[in-house]
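Take a look at the letters that make up each chain.
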Amino acid sequence: MISLNPFSEISAFIPSLVMQTYVIAMFVLVIGATLFDVVHKKSAKYFFNNSVKAKKSATRNVGSGEKASIAFKTATNEFLTSSEFCSTKRRLAHLLTMYGFIIFVVATVVMIFSYSTPNAMTPSIWPLAWHLGAAMLCVGGYWFWFFIRVDVAAEGNKWYRVIRADLFVLSLLAMSTFALIWSYMQSNGIDIWQTLFFGLFIGASTVLFGGVLWSKFAHMFYKPAAAYQKRVTKADGSRENLPEPADMPEKFGLGIKREAPRHY
Amino acid sequence: MPTFVYMTRCDGCGHCVDICPSDIMHIDKTIRRAVNIEPNFCWECYSCVKACPQNAIDVRGYADFAPMGHSVRVLREEEKGTISWKIKFRDGREKNFVSPITTQPWGEKIPKLADLEVPDQAALDSQLLCFEPDALNVETGLPVINKDKLKEGVYY
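The listed protein sequences correspond, in order, to chains L and V. So in our numbering, spot 185 of the first sequence is number 185, and the numbers just go up one at a time. So in our numbering, spot 126 of the second sequence is number 126, and the numbers just go up one at a time.
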């Protein structure tokens, strides 16, 4: 199952061009909805105004070299290793879902654009990456959904309480789960079920990439920008008006922050 | 003036909800970020401001010491045992303070807790605070006021 390219198998029924058009449409939907969201919610304006305010209270100038170094640090810490998470569990779950999603999407794009004909010889690395990505998404996503999510971990709500804010994570989970089930059905030749799960996989993917306006999909783009801005404010001394760290040794342990909040 | 939450910084961790003595910091059911549900019941104790790991909570200070255009922000560093304050007035002046956190290791700091027995779980779960009920002086009755020292009438 994990060495088979599911898109090559299904290309007997769905032409390669249709699959490629679908991927391009999803890409356009994500970019278009994110840009519309930026204009509609005025988030870019908010960040711009914030940076102007921060500049006014800056105590030193940050040069372009230093800004490049800050951008590099933001990429290696906040983006690549999700260092902004205080909880190790949340960080791990986020890393699993983030890298799972990236691997899954890259493998999907490569397989659809390069190896989606019935006779294509797909290098085994791509189907493997596709299945691994989906599995990582499932592990990180279900861990988050059942145990780490604020509603469950801190608010004491049941895992099945669903609201609109769950659109992103649920469609992500549905996409990866149905992808794995579809691949399993396909490799075992269970025709009716594989069609059903392929349909569900496409449905979940469409909701995920088409629902950017209503979900938190765009946090992938906002978060690194916000993290970069936060680092710049520390470097230029404005620090969002926060005091400088006290000039004292770290001789104590964590107090209230060592305990996970459980307020129910 | 009550607390408010910067939505772009809050990650919904819930530390403010745990610590709020008025129980008015809640996690919003829709957006899953902290929110002050009863601003008029907030007494600006700053507990949530200090507890927030993302520094996402702020308070509009009173006009007498921090009028419009001001900023009062606080940074709690538990490993250092410090609370730092930065008060910024609208004319650009700044005042910075650093205070120790009063939760110190058992028995080392005032009050002289080393002289007391380490409380058991029952004592910790009890409604009484340290030194209570003795420190409440309920046994000695109400305080006596010497009436000779009182003046008649209303004076300003």
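I should point out that these hints are in silico values taken from the structure, not numbers from a laboratory. You may find that some hints are simply not true.
[To be verified] Here are the simulated BS3-like pairs of lysine-lysine, each with C-alpha atoms no more than 25 Å apart in a straight line:
id : chain 1 : residue 1 : chain 2 : residue 2
1  : V       : Lys95     : V       : Lys50
2  : L       : Lys234    : V       : Lys147
3  : L       : Lys67     : L       : Lys89
4  : L       : Lys251    : V       : Lys88
5  : L       : Lys216    : L       : Lys158
6  : L       : Lys257    : V       : Lys80
7  : V       : Lys29     : L       : Lys42
8  : L       : Lys53     : V       : Lys88
9  : V       : Lys29     : L       : Lys251
10 : V       : Lys149    : L       : Lys257
11 : L       : Lys42     : L       : Lys216
12 : V       : Lys80     : L       : Lys53
13 : L       : Lys234    : V       : Lys29
14 : V       : Lys88     : L       : Lys158
15 : V       : Lys80     : L       : Lys56
16 : L       : Lys56     : L       : Lys257
17 : L       : Lys41     : L       : Lys251
18 : L       : Lys223    : V       : Lys80
19 : L       : Lys53     : V       : Lys29
20 : L       : Lys89     : V       : Lys88
21 : L       : Lys56     : V       : Lys95
22 : V       : Lys29     : L       : Lys56
23 : L       : Lys251    : L       : Lys223
[As the list claims (entries may be wrong)] Beta-carbon label-pair distances, calculated as ranges:
id : chain 1 : residue 1 : chain 2 : residue 2 : range
24 : V       : Val118    : L       : Lys251    : 45 to 53 Å
25 : V       : Phe4      : L       : Ile163    : 16 to 24 Å
26 : V       : Asp91     : L       : Val39     : 49 to 57 Å
The beta carbon of each residue, even a glycine, is placed where N, CA and C say it ideally should be.
Status of each hint after checking the structure:
1. Of the supplied pair hints, the one linking Lys95 (chain V) and Lys50 (chain V) holds, its CA atoms being roughly 18 Å apart against a limit of 25 Å.
2. Restraint check: the Cα-Cα separation between Lys234 (chain L) and Lys147 (chain V) comes to about 60 Å, which exceeds 25 Å; the hinted pair is violated.
3. Proximity of Lys67 (chain L) to Lys89 (chain L) is assessed by CA-CA distance (about 31 Å); at most 25 Å being required, the pair is judged violated.
4. Under the criterion of a C-alpha separation no larger than 25 Å, the hint pairing Lys251 (chain L) with Lys88 (chain V) is inconsistent with the structure, at around 29 Å.
5. For the hint linking Lys216 (chain L) to Lys158 (chain L), the alpha-carbon distance of about 21 Å falls within 25 Å, and the restraint holds.
6. Restraint check: the Cα-Cα separation between Lys257 (chain L) and Lys80 (chain V) comes to about 13 Å, which is no more than 25 Å; the hinted pair holds.
7. Restraint check for Lys29 (chain V) and Lys42 (chain L): satisfied, since their Cα atoms lie roughly 23 Å apart, inside the 25 Å limit.
8. Distance check on the hinted pair: Lys53 (chain L) and Lys88 (chain V) sit about 14 Å apart at the alpha-carbon level, within 25 Å; holds.
9. A threshold of 25 Å between alpha carbons decides the hint, and for Lys29 (chain V) with Lys251 (chain L) the separation of about 39 Å lies outside it, so the pair is violated.
10. Using a Cα cut-off of 25 Å, the hinted pair Lys149 (chain V) and Lys257 (chain L) is violated, with the two alpha carbons roughly 51 Å apart.
11. Using a Cα cut-off of 25 Å, the hinted pair Lys42 (chain L) and Lys216 (chain L) holds, with the two alpha carbons roughly 16 Å apart.
12. Of the supplied pair hints, the one linking Lys80 (chain V) and Lys53 (chain L) is violated, its CA atoms being roughly 30 Å apart against a limit of 25 Å.
13. Restraint check: the Cα-Cα separation between Lys234 (chain L) and Lys29 (chain V) comes to about 32 Å, which exceeds 25 Å; the hinted pair is violated.
14. With a C-alpha separation of about 44 Å, the suggested pair Lys88 (chain V) and Lys158 (chain L) falls outside the 25 Å cut-off, and the hint is violated.
15. Between Lys80 (chain V) and Lys56 (chain L) the CA atoms are separated by roughly 30 Å; this puts the pair beyond 25 Å, and the hint is violated.
16. With a C-alpha separation of about 33 Å, the suggested pair Lys56 (chain L) and Lys257 (chain L) falls outside the 25 Å cut-off, and the hint is violated.
17. At most 25 Å may separate the alpha-carbon atoms for a hinted pair to count; Lys41 (chain L) and Lys251 (chain L) exceed this at roughly 44 Å.
18. Only pairs whose Cα atoms come within 25 Å are accepted, and Lys223 (chain L) paired with Lys80 (chain V) is rejected, the gap being roughly 29 Å.
19. Under the criterion of a C-alpha separation no larger than 25 Å, the hint pairing Lys53 (chain L) with Lys29 (chain V) is inconsistent with the structure, at around 31 Å.
20. Between Lys89 (chain L) and Lys88 (chain V) the CA atoms are separated by roughly 37 Å; this puts the pair beyond 25 Å, and the hint is violated.
21. As the CA atoms of Lys56 (chain L) and Lys95 (chain V) are separated by approximately 18 Å, the hinted pair is consistent with the 25 Å bound.
22. A distance of roughly 36 Å separates the Cα atoms of Lys29 (chain V) and Lys56 (chain L); the hinted pair therefore is violated under the 25 Å criterion.
23. Taking the CA atoms of Lys251 (chain L) and Lys223 (chain L), the gap is about 32 Å. The hint is violated against a cut of 25 Å.
24. For the pair Val118 (chain V) and Lys251 (chain L), the supplied restraint of 45 to 53 Å is violated, since their beta-carbon distance comes to about 22 Å.
25. For the pair Phe4 (chain V) and Ile163 (chain L), the supplied restraint of 16 to 24 Å holds, since their beta-carbon distance comes to about 23 Å.
26. Taking the beta carbon of each, Asp91 (chain V) and Val39 (chain L) are about 37 Å apart, not inside 49 to 57 Å as hinted.
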